[in-house]
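Novice: These protein sequences, in sequence, are chains D and P.
Taking our numbering, I'd label the letters of the first sequence as residues 65 to 481.
Taking our numbering, I'd label the letters of the second sequence as residues 65 to 481.
Since the hints were made in silico from the structure, they are not lab data.
In this text the structure is predicted, and so the values were computed from the model without any measurement.
One or more of the hints may lead you astray.
What the hints assert, rightly or not - For lysine-lysine, the following DSS-like pairs were computed, each having C-alpha atoms within a straight-line distance of at most 30 Å: (1) D:K309 / D:K333; (2) P:K222 / P:K193; (3) D:K262 / D:K272; (4) P:K222 / P:K205; (5) D:K205 / D:K223; (6) P:K205 / P:K223; (7) D:K193 / P:K262; (8) P:K223 / D:K223; (9) D:K193 / P:K193.
Number of protein chains: 2
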Amino acid sequence: MKTASIITIGDELLYGAVVNTNAAYIGQCLSDLGIEPIWSITVGDSREQIHQALEIASQQADVVLITGGLGPTHDDVTKTIIAEAAGLELVFHQEILDQVEVMFAQRGISMPESNRIQALIPEGADILKNPIGTAPGFSIKHHQTSIFVMPGVPREMKKMMEEQVIPRLQIHTKNRVIVHRWIRTTGIGESNLSELIKDIIAEATEIKIASLPQNTGTNLRLTAQAETVEEAQRQINTVESRLLKRAGSYIYGTDEDTLEEVVGRLLTKTGATLALAESCTGGLVVDRLTDVPGSSVYICQGVVAYSNEAKIQHLNVSEEILARHGAVSAETAADMASGIRRISGATYGLSTTGIAGPGGATALKPVGLVYLGLAHADGTITQELRLGTDRRTNKTRAMLAALNMLRLFILEPQLIA
Amino acid sequence: MKTASIITIGDELLYGAVVNTNAAYIGQCLSDLGIEPIWSITVGDSREQIHQALEIASQQADVVLITGGLGPTHDDVTKTIIAEAAGLELVFHQEILDQVEVMFAQRGISMPESNRIQALIPEGADILKNPIGTAPGFSIKHHQTSIFVMPGVPREMKKMMEEQVIPRLQIHTKNRVIVHRWIRTTGIGESNLSELIKDIIAEATEIKIASLPQNTGTNLRLTAQAETVEEAQRQINTVESRLLKRAGSYIYGTDEDTLEEVVGRLLTKTGATLALAESCTGGLVVDRLTDVPGSSVYICQGVVAYSNEAKIQHLNVSEEILARHGAVSAETAADMASGIRRISGATYGLSTTGIAGPGGATALKPVGLVYLGLAHADGTITQELRLGTDRRTNKTRAMLAALNMLRLFILEPQLIA
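If we strip away everything but chain D, and leave its shape as in the complex, we get:
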């Protein structure tokens, strides 16, 4: 098996100002490829330490992946050191500078002179394009080791890894296929999910199932190794069908699916539109939904109404309901949902009201109490959630529950109504 070392460069990583997610991401990619990561070294923006890390890493492993220190500032020294270590000159590439200039021009600003150094690349290096940033990466050979150098900005690094580095690394792993599939769930905790599907996991001896709790829900990662892609996919499909049969109401998608995309596809497919009336989620539901390109077709409008006055004025919530049941109640959630549906003319009205925290709790209504409302052509349904104490987490969990409620209603209205 081929081995790899990871070097992540940056004072901010060493001093712990930033948690090193780049190393974790690269580690995952390598292990997916069947390449064994054996060292992961983090050093600061120091010439001497970068040089030593490079020597150690390249003596130990077949592949070295490096991130960070490619920017235009005085503490970005990675390129110089790698070129020195490999005995290569830095060569100016006009086409890189042109591209950087275009990027600045698109933003309507002229390129600072310091960005010229981004066009310097070690001679003979294979250039790794960076379509979303100004620092290109590159790859060279040093001591029989393939070295890949990428920017430290996580989204730029990930894109470069996916589009440029992984295809090059696959040369090292021929005759092996590894296929992964993410199964994305929401509305169930990791331990409850694992209890629900434990016999399926135990019996799935051909494939590996990892469970990864995230703040959007617990995701399962199915990994199969086989001679062919078809065989690996067949193994994964078998287990996925069992999971869907058992835990389908929690499973909203696979791989890169997000819940907002899945809901958007369902709305598009059924020719339906949606309007939002948010209180405790403060605009997070409509924010997520509008992250999907083209969502303007099915999102009519969103209203964020915190105060009772705003709920009355902009959502036509009944004063009597607010007085009798309070703003945080199933009745108010229902009235908000039907109010926004009526005002907007949308197919569905979706609402949230609750106590996100840390303040606002009463004896009967604790922090984390949330009601969701869904108004449709034939009536209104509501759902009560009892969440935790952290404000952002409560907003996120309420948003996910609201989207999942709509998803299930569109798919199987009889199950949820």
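Starting from the structure of chain D, add chain P where the hints point.
Specialist: Positioned in the frame of chain D, the structure of chain P alone reads:
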């Protein structure tokens, strides 16, 4: 200055199944103590790699901190390797075993035999108590280096670090202090900021300035070392004042400040309220603002109006303006802002309209073109942005620019109006 290396042990870290928060936490503790972390190495549960990492780390630094591989299972080999490297025997400690047995008894289960090995500690080591877990830590000297070994479970490690390790490390750091300050900026790219302040950086020889681009803006980290906290703070204050004078319109806060908190504090301080009319940001502005606890006091309401109809119906935008200038125009942004201000009765109305992408561009209006509007008691101001092509990034940058526009207006209306 004393130096330190961090070794974090565990396959799960190397393969990226778990993000390495332990290394970040230890790095922060060290830098707060005035000990410079120079290497952070992650290796798997492999004898050979742990041994090599230990040799490299202890040759380089005055202090080595190690986490992980102290559990009772076959892949927990840290203790044996460290004892071997230092030429020490493992000695059985009955009092440790007694404590582990008590822990199991408290959970109502009998101790598995495998836990006996947790009572083995290198001879002469200083034992580091673990009150919340079964694996104690320890400290030894090796090659003039102080080595501290802690469990890998983050909460156990943190408690041991705070209660046992930091007090021991303070012996190394007497008479030295390190003070950090983050300077948070928005609305300027890393290279333009670095260009703008390069002479200040060059002349600030007493302190270290690192630049860190994040998706909320570029942050600067100022680090001073001195005999006293007061002296270190004085050094930082001097440079901070120069930065504020030069780049004040981009600097919104320090340390843990977020832009939404800063805006919230300004609104609270001036007794003002805010209402939002969002098109291209799709609710992200109100979502961020409502992440701040207590924001319901100053956020009146938010309306997300994508379509022209919604802009006319819910924001009273003039049909004539929409027809003449289009939805993405300074005129529409101004009309949205004054519309929401009038409807809500808020002190300020803030609006966004633009083309978030990837679709929606026209010959004259490219993806990334955004207009912001701010309506106040005496009129309306607008701002044009030319952003990039990524939808989520465009939403985020437009949101930040809108909040910064409001911040600057409240602080110095004459500068922006």
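Novice: State for each hint whether it applies.
Specialist: How the hints compare with the structure:
Taken as a hint, the K309 (chain D) and K333 (chain D) pair is honoured in the structure, with Cα atoms around 23 Å apart against an allowance of 30 Å. The hinted pair formed by K222 (chain P) and K193 (chain P) meets the criterion: a straight-line CA distance of about 12 Å does not exceed 30 Å. In summary, the hint linking K262 (chain D) to K272 (chain D) is supported, as the alpha carbons are separated by about 13 Å, within the 30 Å threshold. Of the pairs offered as hints, the one joining K222 (chain P) and K205 (chain P) holds, with about 22 Å between alpha carbons and a cut-off of 30 Å not exceeded.
Restraint check for K205 (chain D) and K223 (chain D): the C-alpha separation of about 22 Å stays at or below 30 Å, so the hint holds. With a CA separation close to 22 Å, the supplied pair K205 (chain P) and K223 (chain P) stays within the 30 Å bound. Restraint check for K193 (chain D) and K262 (chain P): the C-alpha separation of about 28 Å stays at or below 30 Å, so the hint holds. The straight-line distance between the Cα atoms of K223 (chain P) and K223 (chain D) is roughly 38 Å, outside the 30 Å bound, and the hint therefore fails.
For the hint linking K193 (chain D) to K193 (chain P), the alpha-carbon distance of about 51 Å lies beyond 30 Å, and the restraint is violated.
The structure does not agree with the numbered hints 8 and 9 stated previously, though it agrees with the rest.
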